[in-house]
Structures are given as structure tokens and as C-alpha cells.
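Number of protein chains: 2
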Amino acid sequence: MEWILTENGYDSSLAATHGNKYLIGNGYLGIRGALEEYEKDQLVAINLAGIYDQVGDQFREPVNAPNALYTFCEVAGERIGLPNSEMVSHQITLDFSHGLFSRKTSYPTKKGEVTVESERFCCMEQPHMICMKYSIHVSEAMEVTLVSGIDADVWDINGPHLNKVKFASSSKEENTFELSVHAVTTEKKVGLHVQEISSLRILEDIIPDCLEQRKKQQYNHEVVKSEQKVLNRFTISLPANGMVCLYKYIGIYTEKDSTSYEKDNKEQLNHALLQGYGTLKNEHLEWWRKCWEKDMVVIEGDEAAMQALNYSLYHLITIAPRHSKSMSIPARGLSGQTYKGAVFWDTEMFLLPFYLYTDPKVARSLVKYRIDTLEGARKKAKEYGYLGAFYAWESQEGGHEACSDYNVTDVFTGRPMRTFFRDKQIHISAAVVYGLMTYVHTTRDYSVLEEGGVEVVLECAQFYYSMLLQKVPFGQYELHDVVGPDEYHERVNNNFYTNRMAKYTFDMAVELIYSAPKLSSDTQNKIAKQYGLSALLTKFEEASKRIFLKVPDKYTKLIEQFDGYYKLKDTSLEEVRSKIIHPKEYWGGAYGVAADTKIIKQADVVTALTLFRDEYEQEVLQKNWDYYEPRTEHGSSLSACMYALLACYCGNPDQAYPFFLKSAMADLKGGGKEWAGLLYIGGTHPAAAGGAYMTAVYGFAGLSIKEGSIAVKPCLPSSITKLSFSVQIGGKKYRITVTKEEAVAVLI
Amino acid sequence: MEWILTENGYDSSLAATHGNKYLIGNGYLGIRGALEEYEKDQLVAINLAGIYDQVGDQFREPVNAPNALYTFCEVAGERIGLPNSEMVSHQITLDFSHGLFSRKTSYPTKKGEVTVESERFCCMEQPHMICMKYSIHVSEAMEVTLVSGIDADVWDINGPHLNKVKFASSSKEENTFELSVHAVTTEKKVGLHVQEISSLRILEDIIPDCLEQRKKQQYNHEVVKSEQKVLNRFTISLPANGMVCLYKYIGIYTEKDSTSYEKDNKEQLNHALLQGYGTLKNEHLEWWRKCWEKDMVVIEGDEAAMQALNYSLYHLITIAPRHSKSMSIPARGLSGQTYKGAVFWDTEMFLLPFYLYTDPKVARSLVKYRIDTLEGARKKAKEYGYLGAFYAWESQEGGHEACSDYNVTDVFTGRPMRTFFRDKQIHISAAVVYGLMTYVHTTRDYSVLEEGGVEVVLECAQFYYSMLLQKVPFGQYELHDVVGPDEYHERVNNNFYTNRMAKYTFDMAVELIYSAPKLSSDTQNKIAKQYGLSALLTKFEEASKRIFLKVPDKYTKLIEQFDGYYKLKDTSLEEVRSKIIHPKEYWGGAYGVAADTKIIKQADVVTALTLFRDEYEQEVLQKNWDYYEPRTEHGSSLSACMYALLACYCGNPDQAYPFFLKSAMADLKGGGKEWAGLLYIGGTHPAAAGGAYMTAVYGFAGLSIKEGSIAVKPCLPSSITKLSFSVQIGGKKYRITVTKEEAVAVLI
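So the sequence lines, in the order shown, correspond to chains A and B.
Read in order, the letters of the first sequence are residues 2 to 749 in the working numbering.
Read in order, the letters of the second sequence are residues 2 to 749 in the working numbering.
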């Protein structure tokens, strides 16, 4: 099986979009689909997972490594490359079945045609390593200069993050050259080491299948260092149809990875050099082959859907933090610094299922990240005068809240706008509990509870308990002044989703307190010492019982999104759009065009109904779908999949299908909101990818897990005749195959 | 005693300001200080009290009557008048000791100099009547045309309000002419009748003290009717130094005043004609003489302060609804349609004391208005899902809420901005209770309680009770999501002023329930039937005890304005001002320049401390004054007097003095915010006038009433050596005189 994404021709305005669409990565790092000759203006990035830096009082964001892929050529003293040079043909390709990026570009020069080809991959089993092959072919005899090295002048949104940049170079052996750069981050002075070993080969005349026919390599070599770059310059006289080829082995390590990180980096490169490009590539291809064998979702009858869905899975696989036992995934994956590289509720509510069923160790790492950042969540709760744990809306290392009170710039005044994502979007803590408990219920790996999971649940329940308000004349408990998933309506009371998730949190806390005797005596003692469990139990049981949950209207079956939603102006998306004055103005906020209308940003009531569908009659699910969908902008990539899922739960897979496809194609199609003024906000959409997977598995196949046993209830859209995939549940692996007639789950 | 306000010269840009500054009125109507030849562009208005009209979905606002003062002259076929004609001298005058407006303007014409003089007053004892004298004097022989009649094309902010306009004219007897206009309002079809009788005299040569030396009047007369105007045109050939003089008796009645309103109007005018201008004027002057004898505040040592304060009282007297048993006063008095002619908390918290002490019947009318609009307040509470009575923030007839959800226009986008005056400024209901109970406690007139006052208090307490929130883990009751007096900070929790006023309301309800046995058995039966009094008593006592009141910090003695105020940016007024981009932008709202700073619009904590000063040590009062004053914009005319009063209560009358003067001079000085974009928002400032009175009486004289007995504790600023005034308390009248050494209260 081979899936190739390719584009011919060149349009410089697509550079940013291609950066995301042609991304490769291995969880430790992500490499934007940028050409080798690109510099920071074309948004080149080798984005590192889990390492953040803050400069001054700008936003803290993840660090982009110095770019050791940086390569270009010169002919007759003139630099040749995109976007500046004229070209006759250009093609970029992502073989996403194997995580291989390649490009081929031909340029007309005064001396003849020059063709540049490259190929790169991030080693899946060696997360610190990148391999690249770069060649120049000439149609006529000419002198070419191949320039390649490390560009430390990297693209940053809120940088520069690299300081004390030191370059080194050495010539290792014949035709083999070493360059390295060492730098430290601004805020925490974390050391970062990037090294490359490059090996040069010159082919005087290309004879197919006989590449070994070469003579002694003749070229001139020099090392050029500038303030921000260290480069090898190779000048070679090539005959007509001659070619020069550079193999680069690139290693990236930081002080966070190892105390002997420089040494480790050098060692892995020396080893790589011994193995050679071909061996490394074969290992890489083999990794992917095995991965797909296990994780591919096979769709029959709808090739486009299959390709789009597996392209989504490709992205999820490339950003999985397999190298860490406690790390989560940023909302824009490893595609750059957008959204500060921070972890959102996306992880728990949209990404987790894929990892849970295909690579539970990754799921555990995601969950463990939240356990390990409980202290940050406690601190945040305290900051606002609450008890327990209030997780960061935009979580960085240690649970640090990266979200500021001013997250949007008013396009009319240029002033920062006070937003309430940080302080009012309290449903984040429930999402953390949801992720943790879904992990526990699915894997039956209770060790995460012993390792701090119990505290996470209890502290999150404490948090909601401390926010509960009781209207004095009435008995019910309420949650006021929140922002639900629909961010266009700020500071609302009794958001249905939020209240339901808070109730869920109380229920999970109660479940854990009841099942505490099953935990180790150490854990039992620890939590008994820390909490008055029987008092907590009484409180949380009472809270779960009394928290106000809007019920479907007797006649319309509708559930109001929050207190007063029905009083808002009932209008159409088109009408709201027609009120826009400035193309980049924010629809939400106090005075946004959507704020006083029923138009919502994304699935809200529908998300709650999707999660808790078993508590409602199908008519309630359908009526709310019908009501809210036309009122939803789907301004978030988290929206479509919830509508897709709920449509499946209503038995309407064909209604679900376009929403499924929208999720699955989020990155394939590209576009969307990429720029906010001068700020780049584009990137990949892992949550949409995860949502597409959820739709296939939960929706079309109808997979559900109840009390440890799995059930499958097919609900295939017209175009799909068969759907099959593997899942790991409770330590067992199943191959599930559904057709319109039958559903089979085979233990494998 | 005579106080004359006069200005020489003409500046057309001051037309709007003069409209307010030179206002005359009698409580039934207010006449802006506009020239007779002015039309709607110069904001002419005869503003009627208590009659409102709405056109389409524009704002409902009070009705301006057809302008029967409309008069101008023509010389040689050319209209002469301001602002268009050249003039050689111009003077306007307000004798505010007698409620007399006059003007004198000389114009150079081709034929010689023409001088126009006029004088007008609203009869204080005949509220439906206005008298005017208008004369033209010529330096050389010439033919002049005097044009005078009724201009129904009146200035409206959200009009036109007059429909089915019908004109009538007749010649009554020699030299006497009648014109009338009948119209109905748009919304409620209320009939409105304006009539004038004018009497013409020609003086061929003016011999002082011998005005009777006249011969048969020779002139040409015709009546000209257009769609919007009915006019008498008198054309007269005057000799050099000749003069023509028109006396106008103008009557205004509406269907709300009487079922036979047209007949009544005609009868009063016929009677007026018999009495003659001189007699009516003398009656008017006498009324004012007696009024000042009773109500003047005499200040020795500071003439400017005395004049400013009594000018303030002049305004309060001219807008007092003496003609009605149940009517209140709009926030901009009778100076126009600004703020929709609506009644705000200004009445109870700032205006009431003056009427209470000088004319308790007017005070009773103000209080009765709230009792009679309880139904509107009940309706509003219900609309928001609350119990009891939520009074209108901008109250029109029947308690109709005139305040919309969109009260401000965003100057950057031109869009209406969602404001929270209507739904969150809940302290209005407590203000109503405060006014009612202050009236009862001061006058000991319990009949208002029998007439519905008890219900007002109980319903307002019910309202706050139904809003109370209890944080589930804690015991206290809170009020969330409100706007306090400082409107620049919206949607705050536990605003100190609001919580304290709610507690006051509970306390008053408790007081009334305990003292219910003193009420008539009818009232007792009625309220017993309507309410479960003993259950209410328990609830309100509990609420008063448990409502959260911020206490002064142990060290700083400061009281936080609301939850989280201390976390706001501590900045200066200058810095906030420097952020202004558009001169008319709103400082409040979600993103206003003040919104995330500690800068407040007006006295808030300071208002609460002023009202409840006895509950705090003087150090608390002073420390809070010192803290909040530099952080206050005083963007409302209600602010300065609260700072003045609290400074007095801290024993610092000299610190109070500039704030007192600022209040007293609010209309005298003019200026302030008069325009919001194209919308006129200027007008008189009765609350500032009332606040100046309060400062003099409560602050400088230190008057207080406790359990029926009065106490005086002088606190005079340096410039004032003696202060004296009369007050009616508990049905008795006292003359109070204070000097720096002593205080005397004499029963008179």
C-alpha cells in the first residue's frame, strides 16, 4: 500500500499551507514541509516537543531547532532556489504511508538545466535523528556550488529563543564533514545541540543501476561561518548529465533529554554514518509498514474516505510522544509555535481514543502528563480562590498556564481584548478527568491511579465543588459565569456541557472513593491522610444529585445551551457573516457579531449529548442536532466530528458523512484561518484527525465498551461497504470488521 | 434679593448649552433657554413632564409640545433673527430669583436699527400656562412684520411624536388673536392641545411712564398656515422710535390632565386675558418671593457658593411636579428628551432630601410614583426570572423600563454595544426603598405605607432574596453579576454598595413586618393575605445576617469595591485618558480604557460609606476616601457630592468644598458631555443640584435625624461663616442656623 500526496508547480503563497500539509515527524520533533533552501520567512521549522521558552513578556512557546536541513546550490555565482529563481518544473511529495518527504525542482540556468532532488525522513525508532539526501543534476557541463549546513536564524513567533549560539566544524574523513551548533534557551538556559554529518558523492555520469561507477571525487570545500549560520560550501565541476549528492545525518538533543546530550548526539550520528542512509531508510520504512499493518483503518467502497482518514492517522502517528512517559500533544501538533505549543482539552476529548486503541503507552503518556501537572492546576485554582485543581486552558510544561487574559487583538482599535478562555473555560478540568478515567476504563491499567490519578480526580471534583452556587430560595446547585465549548458566548450561567461534565467529575470521584479499597495500601494511606474521604463522598454525592442539568423541553425536546440562550437573536450564519466589517474581526467577545445571537462557534450541547447519549431518547438527540447544526459556524476544527458522531448515534450515517469528511480532510484540504493580522495561527489539526477516527470507530462501526466488554453496532454511510480496524482494549487486541450486514470482532 | 444670570454677545455654538442654563419651568413643563426665532435645529423645546411616546422601535421619550413661543420679525421682506442675522448687541438673561427669561437683541438693517426684546415665564400657580411679551423697537421709520404663532415642527430625538396636527385660528376681539393646535401622540394617541391668545399693541413713540399715550392701532393682519406651523403675520408701519409689542398667553393641556382638556385650556386663557400680563407676572413674582423666603439657603462669607447653591435650588424648584400626586423627575429634569426623560435612582438618592425638607408634598409625589409603578417593577423581575420587584433603571410611566440592552454606540464600528444598565444595575430597587423609607422616617407620614408602600418594600426584599447565591462550601449569601454605581466595571460580584443596599432592603422589610400591627387593619389584612409574613420575616432576617459584606482590611482599612477589584491594573486617570483613541469612545464596557483598571466612573464604596457612615470608624471613612478619590473619573454628576459629604463626615469641610462647588455649579458652568456622536445627551443636572443641597445641609450643617429628633453638627468650610436654611421634619418647620461656633435650630 502506498499513499502519495503530491503537487506540481510552484505558488509561493502556499508555502505556509504546505508546511503543515507535508509535515513529517516522529513525536520528538516535527519538520514542516518546507524546501531546503527556505529560510524563516517561509516558516521553516523543526519544532521540538515539550521544550518551551519565553522571551521577555512575550508569549512562551515551543522552541524550533536550528535548521540543519538548510541547503541550496549556486551556479555561476548565483543562488538558485525557490521562491526566487525561475523554475521549469517543481514537485513536492509526501509519501505518508512511509513518512517520506521529497521534492524535485528543475531550474533553467544560463549554463543549462539544473535539477535539485531531495528526500528526508525523521527516524521513527531514533527520535533524535533526521536523515536527508540532496542531489543536484546538471544537463550540461558546469560548475555548481552545493551549500549546506545549519541555519540557526530560525523562524519564531515570539523569539528569538536561542542564545549563546556556538558553531563548530570538522572534516571527519574523506568526503565526510561535521558541523554542529550549540545554543541555550533564553528563559531556562536549556542546552540544545544540533549536529550534522554530511557525506558527499559525485557521479560524473549517471548510468542507471550502476551508481558505483565513480572515480576519485574532485571538488573544492570550505566552511563558512556567519553569526547565524555555519555552512559547507562544495564547488564541483560536473560534466553534462553529472550529479552531486549529499547525504545528511542530523542529530538533535537537548539537556532535557540527557545529561550527556552532546556526547549522545555525536554517538548516534557516528553510528548512523556506519549504518548508512539506505539502512536507516529501510528501518524507517519497515517501522511504518508494521505500524500500518496494525493501525490502518481499512475502508472499502470509498477510496477518498480511506485515504483522508489514514492521512489523519498519519498525522496522529507522527506527533505521538512515544519517546516520553509523560508528555502530551499540542493543539497544532508539532507543526510550529501556533497556540504556544500548548496542550488543550483537544488531547483528552479528541486525540485520546486513537492512541488508546492503537498505542496505549502513548495514551498513558498523555494521561500521565496531566497527573504530573496537577501542581500547576492546584496553583491555578488557588489563584482564582477555588479549591482543588483548575487545569490550564493552554498547558505547557509543569501545567503552566500559557493562556493570557488578553488572547485576541481588537482589529478596530489594535488593543488587546480581555478574553475569558483562561479563567472561565472551567470544563478543562472535567476533560482531564474524562481522559484519565476513559484510559483506566479502557485499558484497565490502574497503575495511573496509584501514580497520582486518584488525586487528579478528587482535586478536580473539589474544584467544581468549590465553584458551586446555590440560589438561596431554591435547592439546586449551579455553575455560573463560565465559557462552554462555544466560545462565542462568554460568561454564561449553567452551560449544559459544563454542568454535565462537572457532574461526571463528581461521579468519577465518588466511584474512586468507593473503589479505594482496591488500590494499594500505600495509595490508600496517602489519600486517606490527604483527604477526609467520607466527607468528600457525602459532598460529591450531594453535588452530583443537586447540580442543575437542563432537561429537554417536553414538547420541542430541545436543551438550552445556557441560561438565556433562547432569548438571543435567532438569525442565520449568513446574516451574521454579512455584519462583518473587518475580515479578521473576532466573532465572539462582548460585542462580536455572534455574541448576541444564537449562532455558536462549535458543537456544545451536541458534544454533551454525544458523550452522554445513553441518558437521552433518540428523539432528543435528533431534535437537538437539527436545531443546533444550522446555528453552528463550525469555527473550530473540533466541531464537525461531534455532529458526525451524534448523527451516527441518531442512526443517520449519511448525515454524519460530510462532517466526518470535513474532519478527516482538515489538513489535507488546508486553508482555514491561517493568519490573524501578522500573526501566523495556522498549523495541523490533530483534534480533527482524532475526531475523524472517533467517527469511524464509534460512529460508523458503533464501537462501545461497557463494563469491560466491547460491542459493535455498524452504522455505515452509503458509500462505505466495509470498515475494519484493530483496537486494544483491556490489554487484548481485536480486529473489528463491519459491513452493512454484520459486525465481527476477532481477538488477535 | 435678585439673582441675575446674563450673557452678552452671541455664539451660536452655545445654543445647546444655553438651552439648559437659561431654562425656566414649573414642574408641568420646562422651556429651554432658546430664542423665540429658534427652530428645531437650535434645540427649542417645551418639554412636558410625564407624557411619553414611542415611534416605531426607536427609544420612547417625553413629548415636546408645539412651540407657541415661536416669533420673529421681518424688515423689508427679510427675516431677522439669530443665528443668521448680523446683530450689534445681544443679551440673554435669567432672573433665577423669579423664574424670568428675557432677551434683547439689536440688528442693523438697511432701514435702521431694529431691537427685539422678550420676556417669558411659566406660571408657577397655573402649571398649564406660559406668558410672553415680545417687542420690536425701530430706530428709524420703517415697516416691520411681526410673525408669531405655533411651530409644531418641534425638536425630537426620536420623533416625530405629534400626529394628526390640526390648526385653528380666530380673531377674538380688537387686537386679540387666537391660534391653536391639536395633535395626538403616535403610540397611545394622547390628545394634546396648545393654544395661544396674543394681544398686539403699537406704540408710535415711546414716552417713558406714559405708555398709554396711543392712538388707534393701524396694521395689516393675516394668518398663515403651513403643514407644521400656524402663524399670525402683523405688518405695521412704525415711525422712528416706534415700537410694537405682542403679549402672548399660552396654554398647554393634554388628555392625561383632564377629560375636557381643550375646554379647560381655553377657559384658563380667557381668564388670563382678563387678568392681563402684568397681573400674571406679579402673581408669578410673588410666588417666587415666598418660595425663596422659605427655601433659600443663606450662606454668609461666600457669595459665589450661595449663588451657585441657590441656582441649583432654582432648578430643583422649576422641575418639581407640584401639579401631580404621583410623578417623579427625569434625570435631566425638564430640559429635553435626553436619557429618554426617564426617572433614575437620582430621584431617591440625590433629589429627595431637598423636597423632603422644603415641600414634602412633592417628596410624597416622587415616592408615590414608585408605589404606583410597582407593577412595572414586578413585571421586570419576572422577565428576568426573579421574584418581587426589580425597578426600571430608566423608568417611564407605569414603571416601563426605557433602558435598552444597547445603550451605547461603539464609535469604532458604529454598532450598538450591549450594556448592562438595564439588567445588572440591581441597586435601583434598594434606592426606591431607601427613598420611601427616608420619606416615612422624615415626615412620619405613614399613609404612603398604607397606599402600597409596604408592598414596595416587601417586593424589593423578595427581589434581592431571589437573587441571593450561596457558595455551596461556604455559608454566606452573595450577589453576583451586577453593575454598581461605578458603571465602568460591569458584571462584578459582591459590589459593596449593592450588597449593603440589599441588606438595607432586608432590614427595612423586617422593620415593616415587625411594625405591621401599627398599620390599619385593612392594610394588615391585605398584606397578610398576599404574603406569608412570618416566613418572609425568617427569610429576610437570615438574609440580612448572612449577606456578604466586605469588611475594611485590618491594616489598610480599605473596602474592596467588588470581588477582584484589587487585581485590576492600578493606574492613573491621566494614563487611562492617554489611551483614548476616539474622543467619544466609551470608557466602560468590556474593552473600555477603564474596564481593566482601578479607575472608576463615580463614587461607589464612598457612596455606601456616606450612607452608612455610622457603622464605620472615621479612619475607615478617611482611608477609603483617600484611596478611591484619585481613582475616580467623576464621569457622572452624581459623584462629586458623595465625596463632598464623606469629606464632611471625616471632619474635612475644606476637602469637601471643591466637590460641593463642582456639584452646585454643574449647570451654571455648563460644558460636560453634551454630544455622543450625533446624539444630544446634554441637559440639566438635577442630581448634582440635589447633591449640592445635601452637602450643605447634611455636610456643612451636619443635620441628621435620629428617631424623630434632629441633630446639627456644624462642619463649615473656611470660606463660609454662616449657613442657614429651613427644613420640615415630622410635620414641623425649623430654621437652622450654623456658624463655626454654634448651631441653632429654631421651631418656626
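Hints are not guaranteed to be accurate.
Intra- or inter-copy, both count: the list cannot distinguish identical chains.
Derived DSS-like pairs (lysine-lysine); straight-line CA-CA distance at most 27 Å [said to hold, decoys possible]:
| id | residue 1 | residue 2 |
| --- | --- | --- |
| 1 | Lys674 | Lys585 |
| 2 | Lys472 | Lys383 |
| 3 | Lys540 | Lys530 |
| 4 | Lys551 | Lys472 |
| 5 | Lys472 | Lys540 |
| 6 | Lys111 | Lys540 |
| 7 | Lys551 | Lys723 |
If you are wondering where the hints come from, they were derived from the structure by calculation, not from laboratory data.
Fill in: Ascending list of hint numbers which this structure does not respect
6 and 7
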